[in-house]
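For the sequence shown, the residue numbers in the UniProt record's numbering are 1 to 156.
Check before you lean on any hint, since a few could be wrong.
Below, in silico cross-link-like pairs of lysine to any residue (SDA-like), each with a Cα-Cα straight-line distance of 25 Å or less [unchecked claim]:
# : residue 1 : residue 2
1 : LYS11     : ASP90
2 : LYS11     : ALA91
3 : LYS11     : PRO104
4 : LYS6      : GLY16
5 : LYS6      : LEU18
Hint data in this document are derived by calculation from the structure and do not stem from the laboratory.
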Amino acid sequence: MTNRPKLRLGKTLVPGLLAVGLFALMALIVLNTPFESMADGGFEVESVTAAIGYALFDLEALQQDAGVVGTESFLAAFLLIAVALDAALDASLVLAKREESGEPVSPLSSTSPDDAGTGARPATDSNGFGGSEPTATDGGRSETAAGDDSNGGDRQ
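Could you build the full structure based on these sequences and the hints that come with them?
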């Protein structure tokens with residue numbers, strides 16, 4: 001006997017209903033927006049961008065002075081694209097979050113979850129055999145690592 005899949009009701013259904021509601025709202029906006037045909041000559045690039053900015057802030061007087069009226073259809077498309085890109089960014093952040101054993105993982109961590117609380121250890125060398133002695137920024141060995149016994153500077 002096999003078990004059939006069951007629909008889980010309750011809190012698990014809320015995100016799906018919210019997504020369907022937002023999709024319906026966006027569809028309603030698109031269907032009710034009058035996308036009129038463009039003028040025969042088109043618009044100058046500067047005037048369209050300025051007119052969209054004026055429409056964003058509801059500055060009709062400045063929009064009429066610029067000579068372009070009726071850019072609300074551009075504004076609707078602009079806002080829909082902005083919402084879609086924001087949702088994509090949020091989704092990418094959620095998908096990029098890593099967890100191991102229910103604990104968040106730091107991307108720059110040098111310790112594993114098993115070593116929690118033991119402190120950071122040096123990263124392994126490129127040969128994979130553990131850390132090597134520290135080097136100076138110019139690629140040479142530092143004085144303490146190379147065991148230099150010179151009395152340079154104020155050190156005695």
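Hints versus structure:
1. A distance of roughly 21 Å separates the Cα atoms of LYS11 and ASP90; the hinted pair therefore holds under the 25 Å criterion.
2. The straight-line distance between the Cα atoms of LYS11 and ALA91 is roughly 20 Å, inside the 25 Å bound, and the hint therefore holds.
3. Of the supplied pair hints, the one linking LYS11 and PRO104 holds, its CA atoms being roughly 24 Å apart against a limit of 25 Å.
4. Restraint check for LYS6 and GLY16: satisfied, since their Cα atoms lie roughly 16 Å apart, inside the 25 Å limit.
5. Restraint check for LYS6 and LEU18: the C-alpha separation of about 20 Å stays at or below 25 Å, so the hint holds.
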